[in-house]
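Undergrad: Numbering (this note's numbering), first residue to last: 1 to 246.
Quick caveat, the hints were computed from the structure, so don't treat them as lab data.
You can trust all of the hints, since none of them are fake.
With a straight-line cut-off of 27 Å between C-alpha atoms, the simulated DSSO-like cross-links for lysine-lysine are:
1) Lys128 / Lys85
2) Lys36 / Lys85
3) Lys36 / Lys68
4) Lys68 / Lys85
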Amino acid sequence: MPRYRLTIEYDGSDYNGFQAQAGQPTVQGVIETAVKGFSGQTVRIAAAGRTDSGVHATGQVVHVDLEKAWPAATVMNALNAHLVKEGVAVLDSRLVADDWHARFSATGRRYLFRILNRPGRPALERGKVWHMRKPLDAQAMHEAAQCLVGHHDFTTFRDLACQSKSPEKTLDVAHVRRVGDEVHLVFEARSFLHRQVRSMTGTLVEVGLGRWTAQDVADALAARDRTACGPVAPSDGLYLTGVAYD
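All chains should be built: construct the whole structure from the sequences, respecting the hints.
TA: Dropping the structure here:
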């Protein structure tokens, strides 16, 4: 069966996360419904990452196996036609080898967290950013984030419901910078623990507010204790922006 790699963009606001759930609107669910709509097949797609409820994506990657060898562009256009009323769109489609896997072939994932840092609340970006009224020191946040880079036991920043076999991960990039009224946090790693990015973001915001120091972040990491984590950031503002493959 031909296998297709699809790059997906979605607004997670109206979905109960990516993973299909009975009786709940999910990103996976609407994509699989769209596949059935144009091909007649009942399929199960695989994704590079399962985002939580309210989390967005500009570069999610999934794969799907179809019985017919459709042109890749036809698959993209047909899916988009069936997704026109959804907050989900296919940006790219291509044929890949039968043993290529959206999740297991991935060598890296990149997340962006957007914080709107101004007194006025968002109107156009509501649900797309985390609104923080008090000024944030982005440079202090960036400096504190560097203690998270490298191979560590991230138990402190791991959700209690995380199903990963090990709390050890290697964080390749942790970058914080101000972009106008926004503070952007970018994290890159081969893989992440459940809610690791939101946990690290909320902790670094404590630094930006002057409540924590970089040493406090380092101590929290070293504690390997979930209770040492700062407040967990909301899903608003979190985006899966890219998946790397060899």
